[in-house]
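**Q** With the hints as your guide, set chain B onto chain A.
The listed protein sequences correspond, in order, to chains A and B. Residue numbers for the first sequence follow numbering that gives the first Met the number 0, beginning at 0 and rising by one. Residue numbers for the second sequence follow numbering that gives the first Met the number 0, beginning at 0 and rising by one.
Hints listed in this document are in silico derivations from the structure and should not be mistaken for laboratory results. It is possible that part of the hints are untrue.
Unchecked claim - Lysine-lysine pairs mimicking DSBU-like chemistry, simulated, CA-CA at most 30 Å apart: (1) B/Lys141 / A/Lys190; (2) B/Lys79 / A/Lys144; (3) B/Lys79 / A/Lys172; (4) A/Lys77 / B/Lys92; (5) A/Lys144 / B/Lys141; (6) B/Lys71 / A/Lys67; (7) B/Lys192 / A/Lys78; (8) B/Lys141 / A/Lys191; (9) B/Lys71 / B/Lys213; (10) A/Lys77 / B/Lys72.
Unchecked claim - Computed footprint of chain B on chain A; a stretch qualifies when at least three of its residues, placed anywhere within it, have a C-beta under 8 Å from a C-beta of chain B: (11) 50-57; (12) 76-88; (13) 94-103; (14) 159-170.
Remember, predicted model here, so these are calculated numbers, not experimental data. No residue lacks a Cβ here, since even glycine has one placed at the ideal position from N, Cα and C.
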Amino acid sequence: MEIKNEITGWSSNQMAQKVAMDIHDGAYVNLGIGIPELVVGFIPEGREVIYHTENGLLGMGKTPDAGKEDPELVNAGKKCVTAIVGASFFHHADSFTMIRGGHIDICVLGALQVSEEGDLANWSTGEPGAIPAVGGAMDLVAGVKTIFVITQHCTKTGESKIVKQCTYPLTGKNVLNRIFTNLAIIDVVEKKLFVKELAPEVTFEYLQKHTEAKIYQYPQ
Amino acid sequence: MINKIVNSAAEAVAGIFDDATVMISGFGEAGSPIELIHALIDHGAKNLTVVSNNTGSGHVGLAALIENRQVKKMICSFPKTAISVVFPELYRKGEIELELVPQGTLAERIRSGGAGIPAFYTPTSVNTPLAEGKETRIIHGKTYVLEYAIEADFSLVKCKAADRYGNLIYNKTARNFGPIMCTAAKTTIVQAKQILDIGEIDPECVVTPGIFVKRVVEISNPEDESKLVAENRRYPWK
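Bound-form chain A, shown alone (with noise of 0.2 Å):
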């Protein structure tokens, strides 16, 4: 019988913080709901960077303080925000206009599956009975310069999130730059998957193994 050895690898901190260390100064970026919102706290000192939310605001900024929330002040979660000094508001054209017309620089979006050709699934599990829900996802990945997914490297139940194909409904195809999971950062170049760099104690061959899609290697 096969010892199971779990390597748990970074946090979703520790991930948070390798996404934010690959954010430039001066970026525009939008973040998606949940473990990418993280990367704020992750942004090295020194770097100016501007966040979008799609709902028409460029320049967000911190959780408001308690009392002080603006229930016409938020973000595409629909919870409160603050707009930094220097920040702006606008109607949702010009909004998805800096999305799909490629103004925005750096998007970081969360995952149900990415195939090993770059394709994101990650709006609907195609489920019966679900309600379908979209928001913005899918223009993110076709407007946004470049993408980032930040996801567990496998479910809950174990199976690999990284496939050959997705199995749920596309939300994009071809259209992922970097993946970083607890276990690595993955590249996608060309239509197929480049380590990048391996969270402490993880091996190619075990990333491999609990990759259901085919990993290459840098040449060294």
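**A** Coordinates of chain B only, in the frame set by chain A:
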């Protein structure tokens, strides 16, 4: 003399007919014209096609309009929230239609509707279930899907301040779909928190020029939707 100001929400929504297409501004509760929606419930027009990003929360506003069985079809990008119960239940029973549209495509379809552009190509949704059955075309080596403009008979929009010409300004992220919906309807109906005299809105700061607006009603103390939902209130009020 031009005077687009009307005296009540009921007067503002008068003439909305059965089978109309109605755009309703808002992203969740931010920018949702709850008093106009409640007036539309009182008015009673049925079989409506409603274009709005979401489907409302609890049993007030847009959710109440749906619950009152006045909506046959929703065109939206995100028909659920943590506290939406009305739409999911009717949808699962097959008693309301849904046209699911990516949020940016929804915005662009509305903008196009207002600008006289009948359709456009976009890469959003290509190779996904939301592009199935739609025309595609390869332009400069990349695949795009054809999306049609949406025009409405009426738009219901909330804003911060208006004047009698119908010039509008908005509040923070409550602006969202308001300005584009104003352009895309034959009759745009606005609830403003405040009516200002002509000239009080700096022309440099007007967001929606008055030409796009037909009727304005002042609602100086609009209901707070999340508060109503938290109190489990229902419209019509009981």
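**Q** Quickly compare the C-alpha distance for lysine 141 of chain B and lysine 190 of chain A to 30 Å and report which way the hint goes.
**A** Cα-Cα ~16 Å, so holds.
**Q** Counting residues of the segment 50-57 of chain A whose CB is closer than 8 Å to a CB in chain B, do you get three or more?
**A** Answer holds; 5 residues pass the 8 Å Cβ test.
**Q** Starting from lysine 79 of chain B, check that the Cα of lysine 172 of chain A is at most 30 Å away, please.
**A** 25 Å, holds
**Q** Can you confirm whether the C-alpha distance between lysine 77 of chain A and lysine 92 of chain B stays at or below 30 Å?
**A** The hint holds at about 27 Å.
**Q** Under the criterion that the straight-line Cα-Cα distance not exceed 30 Å, is the pair lysine 71 of chain B, lysine 67 of chain A satisfied?
**A** Distance of about 39 Å is beyond 30 Å: violated.
**Q** Is the Cα-Cα distance between lysine 71 of chain B and lysine 213 of chain B 30 Å or less?
**A** 25 Å, holds
**Q** Okay, the segment 76-88 of chain A and chain B, do three or more residues pass the C-beta test at under 8 Å?
**A** It holds, with 3 qualifying residues against the three required.
**Q** Can the restraint linking lysine 144 of chain A and lysine 141 of chain B be considered satisfied, given a maximum Cα separation of 30 Å?
**A** 15 Å, holds
**Q** Between lysine 77 of chain A and lysine 72 of chain B, does the CA-CA distance stay at or below 30 Å?
**A** 24 Å, holds
**Q** Keeping to a limit of 30 Å between CA atoms, is the pair of lysine 79 of chain B and lysine 144 of chain A held or broken?
**A** Since the Cα atoms of lysine 79 of chain B and lysine 144 of chain A sit roughly 29 Å apart, the hinted pair holds (cutoff 30 Å).
**Q** Do three or more residues of the segment 94-103 of chain A come closer than 8 Å to chain B, measuring C-beta to C-beta?
**A** The restraint on the segment 94-103 of chain A holds, since 4 of its residues have a Cβ under 8 Å from chain B and three suffice.
**Q** Given the hint that lysine 141 of chain B pairs with lysine 191 of chain A, test it: the Cα-Cα distance must not exceed 30 Å.
**A** The given pair, whose Cα atoms are some 20 Å apart, holds under the 30 Å limit.
The structure fails to meet hint 6 from the earlier list, while all remaining hints are met.
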